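Trainee: Sequence:
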Amino acid sequence: MSIRMRLREERAQATVEMAVVTPVLLVLALIVYNVMIFASAVARFDRVVPDIVLAHAVASEGEGDESSADASATVQTQILNAMEGYDLQIEVSSEQGAEESDGGLLSLSGTFRTYTCTMHYEPWPTSLSIAGVPLGAPTTLSHERAVTVDPWRPGVVM
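At position 108 of the sequence shown the residue is numbered 108 (my numbering), and the sequence of numbers has no breaks.
These aren't lab readings, by the way, just hints derived from the structure by calculation. Given the structure is predicted, the values throughout are model-derived calculations rather than measurements. Ideal Cβ positions, reconstructed from N, Cα and C, are used throughout, including at glycine. Zero decoy hints are in this set.
Between beta-carbon pairs, the in silico distance windows are:
id	residue 1	residue 2	range
1	Ser93	Ala39	20 to 26 Å
2	Leu28	Ser129	19 to 25 Å
3	Glu91	Pro23	31 to 37 Å
4	Ala73	Pro134	30 to 36 Å
5	Thr111	Thr140	28 to 34 Å
Can you make the complete structure from the sequences, with help from the hints?
Mentor: Have a look at this one:
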């Protein structure tokens, strides 16, 4: 009789273990999925940003005058077009290099310009809720790439 009781107690053990482990495995699979998507987006972003900055921010149509000095909006739209398969937010800011002028002939040329491109990724699911409990990711992942260029010499990266 005691052998039968022991067998009955152990029959549903695998079902209970599966019920406990399945949610953990689902969360782990979501984390791995989001990390792989973010890693893929970072690889494409790092490959695309310097090319776009060189193509659109260095001595563009104005050949270095003030109208073409800050091409952040153009760079941002081109990066968004290049990153089309991903659900990202892109920010582009530009910063003029230090203007240390000693009054010499070199003070007439422009200084270097640094374009800082930032990519923000919100992991999936962002707004999923079950029974009133929000299950979305609490944060966004971001990656930044800075490219310093000379606005007077096309194709020169510093």
